[in-house]
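> Top line first, the protein sequences correspond to chains C and F. Quick note, the first sequence lines up with residues 3 to 142 if you use this note's numbering. Quick note, the second sequence lines up with residues 18 to 298 if you use this note's numbering.
Derived by calculation from the structure, the hints in this document are not laboratory data. Honestly, I wouldn't trust all of these hints.
Claimed, not checked - From chain F, some residues computed to sit far from chain C (all C-beta separations above 10 Å):
#: 1; residue: 63
#: 2; residue: 80
#: 3; residue: 111
#: 4; residue: 117
#: 5; residue: 132
#: 6; residue: 146
#: 7; residue: 149
#: 8; residue: 164
#: 9; residue: 176
#: 10; residue: 212
#: 11; residue: 295
What the hints assert, rightly or not - Stretch by stretch, here's where chain F covers chain C in the computed footprint (C-beta under 8 Å, at least three residues):
#: 12; stretch: 71-79
#: 13; stretch: 102-114
Beta carbons are placed, not taken as given, at the ideal position from N, Cα and C, and that holds for glycine.
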Amino acid sequence: MERARLAAVGLSVVGVGISIYLTLLHYAGVAPACPTSGAFNCDAVLSSSYAVIPGTSVPTSAAGIVWFAVSALLWAWRFGPAHLVWAGVGLLTVLYLVFIEIVRLGAICLWCTAAHLLVVTLAMLTASLSLQGRGLGRGA
Amino acid sequence: MSSKPRGARQTRKPARKPVAGTPAWVGPAAVAAVLALVVATFLIIRWYTTPLPPKPLTTDSTAQVVAQITSLPQSEFDGIGQGTANNLIKPVAGTPLTGATGKPEVLYIGGEFCPYCAAERWPLIIALSRFGTFSGLQTTSSSSTDAYPNTPTFTFRSATYTSQYIDFRGVETSDRDRNPLQSPSAAEQALFNKYDAGGTIPFVDLGNRYAFTGSMYMPDALANKTWPQVANDLQDPSSAQAKAIIGSANLLTAAVCKMTSDQPAAVCSSATIQGLEKKLG
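Okay, chain C solo, but in the shape it has when bound:
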């Protein structure tokens, strides 16, 4: 349990780092180091109208900073239902963003995918620990 918590805090910090990087690039108007043609195209995703929170000029990566920061705080604290709720929020957001990438834009942003994978990993960790916490699992 302790190791899982440490790993989760570490993954959340990495997520904060990626989100800060993407947010800084957005405000600097610079494309990230990433392919710019074909199915993997960070520029197509990050310069699209979907790259900002609807109705604002705030990049979605800023929301990523908040999500990962809260996740780090939660995991540094005691495991509880808040983790499940937060993981659910993260997963639903990831699904929405992946929908935009695949269906609307037809392009995948590798940096965003790295952040998405971190959310999914944290959600899997949450699912695993919550099963154990209920005494339904065999333990780690």
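Using the hints provided, position chain F relative to the given structure of chain C.
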């Protein structure tokens, strides 16, 4: 047959410890499975909803569309100004770039598959047609498998341009299926490397006085449109397409006017172009 008497030495099996249901790996596995299913569904939706590439127009229809977009009234250019275009044009300091006839040259390097190139060709053709005449333009659309699939556009692969003020050189490096098409000269490649370290296309060098990469508006402005529809949209100054494309064309016109020392006056002396020239620096 002998049999052991009942109850003699009966080994008693230890009672099995009850194991409660769900193993710990089930949770993560369920999350992964649901995600994989959802992503597969997205891919199928994408596959079904990606439109087939539009059939290129005939030579006559192409000529009609080109004539329509290159004869827009001065009042429309003046009314729109920069429109919704994003000014990407940056001043550069290099040896003046001249073309085959010794006039200041506009160099374009792009690819037919590229949706941003597709978007940028519209304002480029409109702007340069204010200084000269294109011939041999053909319609095409960007890749069906890239972002903003099938964005309607033209190709410079067989186009020629004549003008008494400037030269134009268009290099289409790949066709819409990404097969190699044309190559820049060593000098053009050097400019591309110098001003476009990221290798982004389209790359446009305006006489080595200005350069930019990318498109000044997002290609989704042209989504699901045919060439004649875009041409018709450009007749309406209030349309999103006119604000984006003509706004971009005005910025390009201002940069070319800087190259030609404001010639021809009929194009360059308008208050709109003069104002944009100041913005370019």
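> Does each hint fit the structure? Answer for all of them.
Hint check results:
At roughly 5 Å from the closest C-beta of chain C, the C-beta of residue 63/F falls inside 10 Å, breaking its exclusion from the interface. Residue placement check: residue 80/F keeps its beta carbon more than 10 Å from all beta carbons of chain C (closest about 31 Å). Distance check for residue 111/F against chain C: the nearest CB is about 22 Å away, which clears 10 Å, and the non-interface claim stands. With a minimum CB-CB distance of about 29 Å to chain C, residue 117/F clears the 10 Å threshold, and the non-interface call stands.
Here residue 132/F does not stay apart from chain C, with its beta-carbon only about 8 Å from theirs, under the 10 Å limit. At roughly 28 Å, the least C-beta separation between residue 146/F and chain C is larger than 10 Å, which holds for a residue marked as non-interface. With a minimum CB-CB distance of about 30 Å to chain C, residue 149/F clears the 10 Å threshold, and the non-interface call stands. Consistency note on residue 164/F: stated as away from chain C, yet its beta-carbon is not over 10 Å from all of that chain's, at 3 Å minimum.
Even its closest Cβ contact with chain C, about 23 Å, leaves residue 176/F beyond 10 Å, as expected for a residue assigned away from the interface. Even its closest Cβ contact with chain C, about 15 Å, leaves residue 212/F beyond 10 Å, as expected for a residue assigned away from the interface. Residue-level check passed: residue 295/F sits 21 Å from the nearest beta carbon of chain C, beyond 10 Å. Only residues whose C-beta sits within less than 8 Å of a C-beta in chain F count toward coverage, and the stretch 71-79 of chain C has 0 of them, not enough to reach three; the restraint is violated.
With a threshold of 8 Å between beta carbons, the proposed coverage of the stretch 102-114 of chain C by chain F holds, since 5 of its residues qualify and at least three are required.
Of the numbered hints stated above, those contradicted by the structure are hints 1, 5, 8 and 12, listed in ascending order.
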